[in-house]
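**Student:** Taken in sequence, the protein lines are chains A and B.
Under my numbering, think of the first position of the first sequence as 1, with each following residue one higher.
Under my numbering, think of the first position of the second sequence as 1, with each following residue one higher.
Treat each hint with caution, since some may be false.
In this list, chains with the same sequence are indistinguishable; a pair is considered to hold if it fits within one copy or across any two.
As the list claims (entries may be wrong) - Below, simulated DSS-like cross-link-like pairs (lysine-lysine); rule was C-alpha separation at most 30 Å, straight line:
| # | residue 1 | residue 2 |
| --- | --- | --- |
| 1 | 267 | 12 |
| 2 | 307 | 144 |
| 3 | 365 | 381 |
| 4 | 200 | 5 |
| 5 | 12 | 144 |
| 6 | 24 | 77 |
| 7 | 144 | 5 |
| 8 | 60 | 25 |
| 9 | 5 | 315 |
Derived from the structure by calculation, the hints contain no laboratory data.
There are 2 protein chains.
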Amino acid sequence: MFNEKMYRLGSKRSTIREIFEYAKKRSAEIGAENVFDFSIGNPFVPAPAIVNQTIERLVKETPSVELHGYTSAQGDKSVRDRIAENYVRRFGAQLSGDDIYMTVGAAASLTITFKALTCEDDEFIVFAPYFPEYAVFVANAGAKLTVLPSDEHMQPNFTALEKALNPHVKGVLINSPNNPSGAVYSALTIARLTDILRRKAREFGAPIYLISDEPYRELVYDENTKVPCIMNYYDDSIVCYSYSKSLSLPGERIGYIAVNPKATDSKAVYAAVCGAGRSLGFVCAPALFQRVAAECDGMTADLSVYKRNRDLLYKGLTDCGFTCVYPDGAFYLFLKAAEEDAAAFCERAKKYELLLVGGEDFGAKGWVRVAYCVQTERIEKALPLFKKLAEEYGL
Amino acid sequence: MFNEKMYRLGSKRSTIREIFEYAKKRSAEIGAENVFDFSIGNPFVPAPAIVNQTIERLVKETPSVELHGYTSAQGDKSVRDRIAENYVRRFGAQLSGDDIYMTVGAAASLTITFKALTCEDDEFIVFAPYFPEYAVFVANAGAKLTVLPSDEHMQPNFTALEKALNPHVKGVLINSPNNPSGAVYSALTIARLTDILRRKAREFGAPIYLISDEPYRELVYDENTKVPCIMNYYDDSIVCYSYSKSLSLPGERIGYIAVNPKATDSKAVYAAVCGAGRSLGFVCAPALFQRVAAECDGMTADLSVYKRNRDLLYKGLTDCGFTCVYPDGAFYLFLKAAEEDAAAFCERAKKYELLLVGGEDFGAKGWVRVAYCVQTERIEKALPLFKKLAEEYGL
Chain A
1 MFNEKMYRLG
11 SKRSTIREIF
21 EYAKKRSAEI
31 GAENVFDFSI
41 GNPFVPAPAI
51 VNQTIERLVK
61 ETPSVELHGY
71 TSAQGDKSVR
81 DRIAENYVRR
91 FGAQLSGDDI
101 YMTVGAAASL
111 TITFKALTCE
121 DDEFIVFAPY
131 FPEYAVFVAN
141 AGAKLTVLPS
151 DEHMQPNFTA
161 LEKALNPHVK
171 GVLINSPNNP
181 SGAVYSALTI
191 ARLTDILRRK
201 AREFGAPIYL
211 ISDEPYRELV
221 YDENTKVPCI
231 MNYYDDSIVC
241 YSYSKSLSLP
251 GERIGYIAVN
261 PKATDSKAVY
271 AAVCGAGRSL
281 GFVCAPALFQ
291 RVAAECDGMT
301 ADLSVYKRNR
311 DLLYKGLTDC
321 GFTCVYPDGA
331 FYLFLKAAEE
341 DAAAFCERAK
351 KYELLLVGGE
361 DFGAKGWVRV
371 AYCVQTERIE
381 KALPLFKKLA
391 EEYGL
Chain B
1 MFNEKMYRLG
11 SKRSTIREIF
21 EYAKKRSAEI
31 GAENVFDFSI
41 GNPFVPAPAI
51 VNQTIERLVK
61 ETPSVELHGY
71 TSAQGDKSVR
81 DRIAENYVRR
91 FGAQLSGDDI
101 YMTVGAAASL
111 TITFKALTCE
121 DDEFIVFAPY
131 FPEYAVFVAN
141 AGAKLTVLPS
151 DEHMQPNFTA
161 LEKALNPHVK
171 GVLINSPNNP
181 SGAVYSALTI
191 ARLTDILRRK
201 AREFGAPIYL
211 ISDEPYRELV
221 YDENTKVPCI
231 MNYYDDSIVC
241 YSYSKSLSLP
251 GERIGYIAVN
261 PKATDSKAVY
271 AAVCGAGRSL
281 GFVCAPALFQ
291 RVAAECDGMT
301 ADLSVYKRNR
311 DLLYKGLTDC
321 GFTCVYPDGA
331 FYLFLKAAEE
341 DAAAFCERAK
351 KYELLLVGGE
361 DFGAKGWVRV
371 AYCVQTERIE
381 KALPLFKKLA
391 EEYGL
């Protein structure tokens, strides 16, 4: 009567969304101040003032029909040109507005890219831990997702990669800074990764695309932490970007796909991106927020709060005796569950009103994600509860 | 190397988009005032003042994190409740916010609905003339689109429908007021149509969904023209709505899907809609515009301009000797090409800088669509050119 797969996807929400909804319910029961929701990557820091200022200015100054009308399917030309100019200036990669396709946020950037690339029997590779919706998006394109392990610093396991690459692998998806681990791939990592891809692509006689999901690109906290621009390392690369996290507007759904103009048949890949966007029902990215994105591209919300949170939480949790990955970026901390079953650990944390997401869904058994994009005060109040949780485990 | 189908979809733009891009190019060459672009349904009438007022108020009054943050995947609860309340009040159909799923506009409403419903070997039926992207959206779900003829008043051919219905038909898609013909289905038409569907569904022992694509619902111009609410006629019905045309904000991408709560297993169908939205990469509809939609639901831009345009154009073109369908609604007029080959007719019209869309793509050979959502002055200036075109054909 209807599509069973879609029914299952819709009736069994993602774990993250499940906890997000639970948090809302629980807050109504015992008061939001008593619920410590570390489940969702919904930025707490307000959008930079320029976002709302730009909205107000555009609404005042731009004729309604121009402001709210259709843009070209790939996005307003001046918006794309401006974002490309910034990209060239910031990262040194050569790129024009014609290589950029505006999207309704990161999820759309990914479903469109997968759909554009996927041929029969295709496969994409991702390293655990990874954002679980990747599996949904790859499945939507009809491709297979292969999950490979990372090392203890959450850097890719290159031996596993060498082994897994085969002529059906259409692309490797990376996400650095990483959700859920907070790890950032160094320039050395990217160089090693792309060396392997280049060699294997030559061997197989077909491009292997490197797809870089970069919503956390700007969210790094130490001076020495740099997020390498993959276009400078590898020609067959596609950047999927979203302004959700950098500008704190995840609900507005605005981002882009940038196809490296040095990619094999780059113009045709870009056309396939346009076709996939059309096929999936995206017409154009929201017009007002396209202009807001262009105006605010490269800027960020006040990241100092996340840095403070990161430092406080990492110190607090390690002081409690928990094992954590040091989070170089994004706003997630990856914590080793104090028992084998991370889901059971999360259930026990719930008793203290601590809402965490088990690592199972991220392909990382025994780990737990703590999203620290919350008010610092929430972390301060939560740490004694984490302490009690640690004591329960005799840490 | 990439998906060939997507490449073709992306490199061969829809005819409408093709002419839209040509118009931009031609305007740059000879000045916009000399190009008469009747190709695209991009409303010329500004959004009602309340749209921008609401945006300004929300931006001033709502904390950034709340305003621009994620909403639930199906849309903000208060937004959905408010839209449902209006629906009940306006149309008398029983509906709650939990039957509504907010989308990124009409195209998304449709791709999500098709994906939610489609099982293996499924088929959807549409009556010509129809919006050509339907074929793309149905193909994306992996279903087959069957196109049936209409009568000379652009009402469904019921004999053809009776014949075409078979156990693989998952749904019938209607679009009234119609793009491209401007025809509106009367209550009698809907009653006859749903009688057949009910009877056949009983015969096959499975629901046949009636999917109603209603972006033009509010755009009717005569007192006696009413758009019947399909939920009052048929239980297994799904309404796909968009605010693009009623509120003149097609670039902002905001609409909804309403699943009739009286539909068979309505909650499961709704869950499948949620799953399809997730699978296609829609996370949530743009947050700010969800609230704008709730605030402005049921209101419209100033439709008197379209009525004036409709009257002027219909009279002008019939006076020239052209055969036209009298357009009861939407902002399109369907004109019989003065030669067999509508594409050749459109090419000849281009000589006079009249940009029309051939009916071939709409499944209506020999017809042409004239979108009159333009400044009235454009029609006044264009009519003498249409006159010359008619004279060329000896009309």
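**Student:** For every hint, state whether the structure bears it out.
**Tutor:** The hints, checked one at a time:
1. In the homo-oligomer, the alpha carbons of residue 267 and residue 12 lie at most 30 Å apart only across protomers (13 Å), although the nearest pairing inside one protomer, at 39 Å, exceeds that limit.
2. Taking the closest pair of Cα atoms, residue 307 and residue 144 never come within 30 Å of each other, the shortest separation being 37 Å inside a single copy and 52 Å across copies.
3. For the homomeric pair residue 365 and residue 381, the shortest alpha-carbon distance inside one copy (28 Å) is at most 30 Å, but the shortest distance between copies (70 Å) is not.
4. Only between protomers do residue 200 and residue 5 lie at most 30 Å apart by alpha-carbon distance; the minimum there is 26 Å, versus 34 Å within a single protomer.
5. In this assembly of identical chains, residue 12 and residue 144 lie within 30 Å of each other by CA distance both inside one copy and across copies; the values are 21 Å within and 28 Å between.
6. In the homo-oligomer, the alpha carbons of residue 24 and residue 77 lie at most 30 Å apart only across protomers (12 Å), although the nearest pairing inside one protomer, at 40 Å, exceeds that limit.
7. For a Cα distance limit of 30 Å, the shortest separation of residue 144 from residue 5 qualifies both inside one copy, at 16 Å, and across copies, at 19 Å.
8. Taking the shortest alpha-carbon separations for residue 60 and residue 25, only the inter-copy value of 28 Å comes in at or below 30 Å, while the best intra-copy value is 39 Å.
9. In this assembly of identical chains, the alpha carbons of residue 5 and residue 315 never lie at most 30 Å apart, being 43 Å within a copy and 52 Å across copies at closest.
Going through the hint list in order, the structure does not satisfy hints 2, 9.
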